[in-house]
Amino acid sequence: MRPLDWVVLVGSLASIIAYGLYRGRGSNTVDRYLLAGRSMPWYAMALSIMATQASAITFISTTGQSYVDGMRFVQFYFGMPLAMVALSATVVPIFHRAKVYTAYEYLENRFDAKTRALASVIFLMQRGLSVGLTFYAPAIVLSIIFGWPDRLTTAIIGVTVVLYTVTGGIRTVTWTDVQQMVIILFGLVVALVMIFVLLPRQVSFLDALHLAGSAGKLNAVTFHFDWNDRYNLWSGLIGGMFLALSYFGCDQSQVQRYLTGKSITQSKLSLLFTAMAKIPMQFFILFIGAMVFVFYIFEPPPLVFQRVEYNRIRQPELRARYDPIAARYQEAFARRKAQALAMVEARHTADTRAEREAIENYRRAQQDVDSARRQGASLVEATGGEKGFRDTNYIFLSFVTRYLPTGIVGLLIAVILAATMSSSSGEINSLATVSVVDIYRRHFRKDATDRHYLNASRVATAFWGAYAVAFAGLGKHLGSLIEAVNIVGSLFYGSLLGVFVLAFFFKRVSGTGAFVGMLAGEAAIFAAFLFTGISFLWYNVIGCLVVISTGMAVSYVAPAASATPDITR
Amino acid sequence: MPPGQREMPDEPPPFLGTWPRVYTAVVVYLAFLIALCYVFTRAFS
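As they're listed, the protein sequences go chains U and L.
Counting from 1, position 71 in the first sequence corresponds to residue 71 in my numbering; the numbering is continuous, with no gaps.
One rule links them: number in my numbering = place in the second sequence (from 1) + 569.
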């Protein structure tokens, strides 16, 4: 980083924090601190929801995912609009009319205290782990740039975020997210433009698309159905819908956003706008990853993008093992580049036969490049590196720091760090809300003053920040971060979704039925995770169905003593 | 239904007249996006 990068980085972060604190003035009651006094407009909620998802992980990991695996990850989001329609038609009016602080508060109204407590604990476990991963992503940035240990940088960012979150409340979080979203979109456009500027002159936009497509990087839709295949149209539509239903309907970090709405209409519009904007945005981010791949057809990429490990395997004592792999990699790269240029030339001269031949050779060279990269990863693993080593999360940042001009590097690093602060602050805020409202106020201190609960919320915020930092180190064991976040979520979301489906649509189900159903749902999900190869997107479907069927069966065998109150209409 | 729940009526959307029409528009938009992605995949594979 050069001085101009530091000026842009520090200036951007300072302006974001200052703006957030300015917007968060007056958050001096529990209602204002946790729900912004239920005063937010739809566009602020929508951008806040999107910004929470578009964290540093989105920038770092999704682009790398596309570089390695192509754009098929976009199908993961196909179920979201269907989920948002369902939630707008059912859940949003119910939560608003119940005037709850948390989604789990509603479960006690419908079932009983133990069901609310179990759902709250499941949420706290799941979101606590996820926020750790959110912290870990920018730690990668700093480890690449400065060579700092991941744990130290995670702790530094964590402490900063906790201090910032404690003072602001949800209003600060929301308005900071809005500002973040604008900067993120600007940063994305700048990154894509720079990639095209850096491509060889003879490679046009369409040529770049054909080069990426011929290597299988533009596979946005795949129809092939396979239970074990993570991303295809069917897992995206069905599994993705269930995950989105769980995430936006049962996860307090999202529910809390639309509970801040001025009205039911404003909250519905925020969800529907998110549904419409999310797929194009995700497509765009994945497309950037695919174009980074095209860029590296013409510029030699490192054998391993993780700089620390790359330097380690080039040490003299490992050269005997490294050199043959590197030589093979360089030869395959040179062959792929030559074939890519031949392919471009054949396209320009409309020589179909030569183009077809060049494509075949290009694909063969690509397979050799991939093979050499796998050997490089194996070498890292075999010589003391992380087991299951993957460098997906380092690809985009390696490109940014090596090839983008001064100033823009600072801007993109600022976007990544600020997005992390904003995303994690919202998650921590929701964790504190559930801890105080569903656990502390419900079970330990029922009649304290508003000031007492406000202070308790701030203490809970600090606690969850520390918890997240402690678990952030898990990120390095979980491969692609964007997948890791969704896998962790899928281990818990199915049960939460199931119990809310029971609450909304099955009037005869008792509290005990719902409670046992949730336990059975979690058991089924962990059995699928530990003992089968079923893709994580299906965990939500499995968990939800097990909760519903078990809840109904238990309620049939042991019905509730009295009818539950109907507050769902 | 408790009285408090009636304080928040479900207002009509600011466009398309009714919520079912808005929901239908979102689903049609999704179908359109999937079709576009399919064309994109086919065109450059």
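Mixed in with the good hints, there may be bad ones.
What the hints assert, rightly or not - What the simulated footprint calls covered on chain L by chain U, stretch by stretch (three residues with Cβ under 8 Å from a Cβ of chain U suffice, anywhere in the stretch; the number is not a length):
#	segment
1	585-595
2	598-611
As the list claims (entries may be wrong) - Across the chosen pairs, the derived CB separations fall in these ranges:
#	chain 1	residue 1	chain 2	residue 2	range
3	L	ARG611	U	ARG201	49 to 55 Å
4	U	ARG363	L	ARG590	43 to 49 Å
5	U	LYS262	L	ALA612	41 to 47 Å
6	L	PRO581	U	GLY37	21 to 27 Å
7	U	THR406	L	ARG611	37 to 43 Å
8	U	PHE223	L	GLU580	38 to 44 Å
9	U	LYS387	L	PRO581	52 to 58 Å
To be verified - So these bits of chain U aren't anywhere near chain L, every CB distance computed over 12 Å:
#	residue
10	LEU152
11	HIS210
12	ILE264
13	GLY385
14	ALA456
15	SER535
16	MET552
No lab work stands behind these hints, which were simulated from the structure alone.
Remember, predicted model here, so these are calculated numbers, not experimental data.
Glycine residues also receive a C-beta, built at the ideal position from the N, C-alpha and C atoms.
Q) Should the label of ILE264/U as a non-interface residue stand, given a Cβ cut-off of 12 Å to chain L? A) violated, 6 Å
(Q) Between the segment 585-595 of chain L and chain U, are there enough contacts, at least three residues with CB-CB distance under 8 Å, for the coverage claim to hold? (A) It holds, with 4 qualifying residues against the three required.
Q. That 43 to 49 Å hint for ARG363/U and ARG590/L (C-beta), does it hold up?
A. Because 47 Å falls inside the window, the suggested range holds.
**Q.** Reported absence of SER535/U from the contact zone with chain L (all CB gaps over 12 Å)
**A.** holds, 19 Å
Q | Outside-interface status for HIS210/U - nearest CB in chain L farther than 12 Å | A | violated, 6 Å
Q.
Verify the CB-CB distance for LYS262/U and ALA612/L against the hinted window 41 to 47 Å.
A. holds, 44 Å
Q: Taking the shortest Cβ-to-Cβ distance between GLY385/U and chain L, state whether it exceeds 12 Å.
A: Non-interface label on GLY385/U holds, nearest chain L Cβ at 34 Å vs cutoff 12 Å.
Q: Could you see if the CB distance from ARG611/L to ARG201/U stays within 49 to 55 Å?
A: violated, 29 Å
Q.
So is the segment 598-611 of chain L in contact with chain U by the C-beta rule, three or more residues under 8 Å, or is the coverage claim wrong?
A. Held - the segment 598-611 of chain L has 8 residues with a Cβ nearer than 8 Å to chain U, which meets the minimum of three.
Q) When you take the CB atoms of PRO581/L and GLY37/U, is the distance between them in 21 to 27 Å? A) holds, 25 Å
Q) Beyond 12 Å from chain L, beta-carbon-wise, is MET552/U? A) holds, 25 Å
Q.
Over 12 Å from every CB of chain L: does LEU152/U meet that, or does the non-interface label fail?
A. Given that every Cβ of chain L is farther than 12 Å from that of LEU152/U, nearest at about 41 Å, it holds.
The structure fails hints 3, 11 and 12 (numbered hints given earlier, in ascending order).
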